[in-house]
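Keeping the supplied structure of chain A fixed, place chain B upon it in accordance with the hints.
Each chain, letter by letter, is given below.
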Amino acid sequence: MQFEATVEVQLKAGIADPQGSTIENATLKLGFNGIENVRVGKSIRFAITADDEVKAKEIIQDLCDKFLTNPVIENATIHLQGVE
Amino acid sequence: MSPTIGVIVFPGSNCEQDALEAVTSLGAKSKLIWHDSFDLGSADAVIIPGGFAHGDYLRPGAIARFSPAMESVFAFARSGRPVLGICNGFQVLTEAGLLPGALQKNSGLKFLCKPVNLTVRTTNSVLTSQTVKGDGLRIPVNHFEGNYTCTEETLEELQDEDRILLTYEDNPNGSMGDIAGICNAERNVVGLMPHPERACHPLLGSTDGQPLLKSFIESSEL
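As you go down the protein sequences, you meet chains A and B in turn.
With the working numbering as the guide, the letters of the first sequence map in order to residues 3 to 86.
With the working numbering as the guide, the letters of the second sequence map in order to residues 17 to 238.
If you're looking for bench data, these hints aren't it; they were derived computationally from the structure.
Mixed in with the good hints, there may be bad ones.
[What the hints assert, rightly or not] Label-pair restraints from in silico Cβ distances:
#1 Val85(A) to Phe90(B): 48 to 54 Å
#2 Asp55(B) to Glu60(A): 33 to 39 Å
#3 Gly84(A) to Trp50(B): 39 to 45 Å
#4 Ala49(A) to Ser41(B): 48 to 54 Å
#5 Phe90(B) to Lys14(A): 22 to 28 Å
#6 Gly221(B) to Glu60(A): 52 to 58 Å
#7 Thr29(A) to Glu185(B): 42 to 48 Å
[To be verified] A few chain A residues facing chain B, derived, Cβ under 7 Å:
#8 Pro20
#9 Asn72
#10 Ile75
#11 Thr79
#12 Leu82
[Claimed, not checked] Cross-link-like lysine-lysine pairs, in silico, PhoX-like; alpha carbons within 25 Å at most:
#13 Lys230(B) to Lys45(B)
#14 Lys230(B) to Lys47(B)
#15 Lys31(A) to Lys126(B)
#16 Lys130(B) to Lys149(B)
#17 Lys130(B) to Lys230(B)
#18 Lys68(A) to Lys31(A)
#19 Lys44(A) to Lys126(B)
#20 Lys14(A) to Lys126(B)
#21 Lys57(A) to Lys44(A)
Don't be surprised by glycine CBs; every beta carbon is placed ideally from N, CA and C.
Isolated chain A (complex conformation) (with noise of 0.2 Å):
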C-alpha cells in the first residue's frame, strides 16, 4: 500500500526557538496584537509503500529517530494518508 506522509518536526517545549520568538517580536511591531508561543519547524513530505498503516508508521517513526529529527533538541509527529 502506498501512503502520503507528513513529518512535522518541531522544537521541544522548552528549547529555546530564536525563530520563533523573532517573528513573534514582529507581530507586535506590524500591529498583530494578541500572537503568542510562536514556534518554528520544519515538514518533510514524502510518498511511503508498506504492509499497512501500522508497519508505515513503525518504518518512520524509526527514521525520525535515526535521521529526520534530532531527538535532542526535537520531536515529531507523523500524519499518514492512504493513497487510492
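Coordinates of chain B only, in the frame set by chain A:
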C-alpha cells in the same frame, strides 16, 4: 616522528585547508580524507573541519554523520584516538552521538563572524593539555548555529566530570553554561565552535589557537 593528522572533507567543508595549514605549521604531517572513504590511512588523529557539510541540509551534521568516513571515525574514536571537531565538525560530532547535546541557531539569530574571548576551564583533554587553566584565549567564531543546548542532566554531568573545556567570556550565541567547547567522557573526542586554526599566525591577529592545536598534535603522538 611527527604524527599525521587526517582532515575529513565533506562536500561543503570549507576550512579543511586552514586546518591542514595550521597543523603543518606546528610540525605535524597532514592529509585530506574524502568523506566517501572508509580508509583513514595512517592518520594518528582526525580533524573534522568547519564549513557546511552536505549544505547543512536537514540540520548541520545530520547527513555528514552517515558518510563512510564517519563510520571509521566512530571506531577510531572508540579506540581512544584523538578526534577534534571544529565548528561544523562539532555539529557533526554531536549529531553522530560522539559528543552530547546539540547546536541550535544562535539566540538573536545573527550569523557571528568575529574574534571572541575564551577561558580555559580544564587542561585535562586532548585539546587543552598545553594550556593553563583560567587562561584567556582570543579566537574567532564563524557560525549561525553555535548555541550549545543540552538537557539539565547533561549539563550537570559535563560540569561534574570537568568536561567543559572552553567557555565564552561574553556569551555571543546563547550557549548553555557559556559553553564553547566540550569533550567526551574518555576525553579523546573534543568539539568547539571557535576556530583555533584561524588563530595560528600573527598575521591573522592571534596565535592563541596554537596551544590548542599543539595539545591536539602532541596527544596524537602518544
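Outcome of the hint check:
Checked against the hint of 48 to 54 Å, the C-beta distance between Val85(A) and Phe90(B) comes to roughly 38 Å, which is inconsistent with it. Between Asp55(B) and Glu60(A) the C-beta distance comes to about 35 Å, which sits within the given range of 33 to 39 Å. Checking the proposed 39 to 45 Å range against Gly84(A) and Trp50(B) shows it holds: the Cβ atoms sit about 43 Å from each other. Take Ala49(A) and Ser41(B): their Cβ atoms lie about 52 Å apart, and the range 48 to 54 Å holds.
The hint said 22 to 28 Å for the Cβ distance between Phe90(B) and Lys14(A), and at roughly 26 Å that hint holds. For Gly221(B) and Glu60(A), the hinted distance range of 52 to 58 Å is satisfied, since their beta carbons lie about 54 Å from each other. Take Thr29(A) and Glu185(B): their Cβ atoms lie about 34 Å apart, and the range 42 to 48 Å is violated. With 7 Å as the threshold, the beta carbon of Pro20(A) comes within range of chain B, its nearest partner Cβ sitting at about 5 Å, so the hint holds.
Restraint check, Asn72(A) versus chain B: the minimum CB separation of about 5 Å is within 7 Å; hint holds. Interface hint status for Ile75(A): upheld, as the beta-carbon distance to the closest one in chain B is roughly 5 Å, under 7 Å. The beta carbon of Thr79(A) comes no nearer than 17 Å to any beta carbon in chain B, farther than 7 Å, and the hint placing it at the interface is violated. Against a cut-off of 7 Å between C-beta atoms, the interface hint on Leu82(A) is violated, since the closest Cβ of chain B lies about 21 Å away.
For the given pair, Lys230(B) sits about 13 Å from Lys45(B) by alpha-carbon distance, which is consistent with the 25 Å threshold. Restraint check: the Cα-Cα separation between Lys230(B) and Lys47(B) comes to about 17 Å, which is no more than 25 Å; the hinted pair holds. Simply put, Lys31(A) and Lys126(B) have alpha-carbon atoms about 19 Å apart, close enough for the 25 Å limit, and the pair holds. Pair hint Lys130(B) plus Lys149(B) holds up; C-alpha atoms about 24 Å apart against a cutoff of 25 Å.
A C-alpha spacing of about 23 Å is found between Lys130(B) and Lys230(B), which places the hinted pair at or below 25 Å, so the restraint holds. Between the alpha carbons of Lys68(A) and Lys31(A) the distance comes to roughly 40 Å, so the proposed pair goes past 25 Å and is violated. In summary, the hint linking Lys44(A) to Lys126(B) is supported, as the alpha carbons are separated by about 20 Å, within the 25 Å threshold. The suggested pairing of Lys14(A) with Lys126(B) holds, with an alpha-carbon distance near 22 Å, which does not exceed 25 Å.
The straight-line distance between the Cα atoms of Lys57(A) and Lys44(A) is roughly 24 Å, inside the 25 Å bound, and the hint therefore holds.
The structure fails to meet hints 1, 7, 11, 12, 18 from the earlier list, while all remaining hints are met.
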